[in-house]
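Peer 1: Can you build the whole structure from these sequences, using the hints too?
Same order as they appear, the protein sequences are chains A and B.
Sequential numbering from 1 applies to the first sequence in the numbering used here.
Sequential numbering from 1001 applies to the second sequence in the numbering used here.
Hints are all accurate, no fakes.
Computed Cβ-Cβ distance ranges for the label pairs, DEER-style: (1) A:173 <-> B:1120: 24 to 34 Å; (2) A:170 <-> B:1059: 38 to 48 Å; (3) A:15 <-> B:1083: 25 to 35 Å; (4) B:1028 <-> A:5: 38 to 48 Å; (5) B:1026 <-> A:135: 35 to 45 Å; (6) A:135 <-> B:1059: 45 to 55 Å; (7) B:1083 <-> A:169: 44 to 54 Å; (8) A:170 <-> B:1121: 21 to 31 Å; (9) B:1120 <-> A:185: 33 to 43 Å; (10) A:213 <-> B:1047: 17 to 27 Å; (11) B:1105 <-> A:52: 35 to 45 Å; (12) A:212 <-> B:1037: 21 to 31 Å.
Calculated from the structure, these hints are not laboratory results.
For glycine and all other residues, C-beta sits at the position ideal for the given N, C-alpha and C.
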Amino acid sequence: MARMKLRKLEEYLQGVEGFEYPKIEYEQYVTPSHIASCMVYEIQTKFDDIENKMVCDLGSGCGMLSIASFLLGANLTIGFELDIDAIDIFRRNVTEMELPSVDCIQCDVLKDIENSRFVNNFDTVILNPPFGTKNNTGMDIRFLEAAVQLSNNSVYSLHKTSTRDFIRRRASEWGVKPEVVAKLRYNLESSYKFHKQKSVDIEVDVWKVDVSDKEI
Amino acid sequence: MKLSTYNFLTSKSIRGVKVGYPLKLVVSKQDEVEAEFNPTFIERLLPKLEWSTVYLSAEVVGLQEDIPKEFSDDIVSNQDVLQKLHHLLLEVDILEGQLECPETGRVFPIKDGIPNMLLNEDEV
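Peer 2: Structure representation (structure tokens):
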């Protein structure tokens, strides 16, 4: 399959339907189509980690990263998501865009992951985890740890730049090699009513984690 | 839900369950999608799958004639079988049905193609 151009990918992703009623307890917001397209395009063009791969989208929400992964040639993409309302939109997006190789499982992947047969079986895990703010402290790291367990090769994840040192420390405990491969400003639109300003800009890193020598 | 995804699912997280695999698959509605055939991908996928469950799922959807009952290394060099595995594992789409824990009988529904593997607090 000839690879889709970045501009075309972003156009497709602009058509992905987002959350109807984002839930604050899960820190839900849609990965913006611009960020998702740049991130997944880079993962493919620079690291060759999407095309012909088995990909996991951890905390898949409405499916933005799963859809990007399919469009760039992943042979099987599986989203893991807890919230049924998000899954309904995921399913609608995948059905309307007629994407054959994208599945979704409703589950709580952070619980009891050691019993999962998916552990070590994904070539690539991509995720835009909750940033672990508000009442969700530590959630970002729990997602990243699960991603490391599920992958046998690479994990790509978005984290607030302010957590950079902490991520390096945890990664060294897991025996994996993390690297910031892109920096971006994340424009969180006012998804929730309590956001006083119209939008909030935060600094975010795209991490690539090489898990080939992991100890967890 | 593709049958490749099904191959990984277990009920081992239920308290007291020892293996929880394979889950008993019951299909009430299925569809077929068309996915690009990539023999190399199927070859790389096979070692991750439990072959007896691949065969079991082929029986459930009536495609057991296409798939050898026992795994052998010949399979990966046989384009015809790889093509049939591609169809079974990536093109058959289970839309409605259920998965049942082999030890407790706990049912996990499949609705609109999504298996619901969530457990209640008192089950774990």
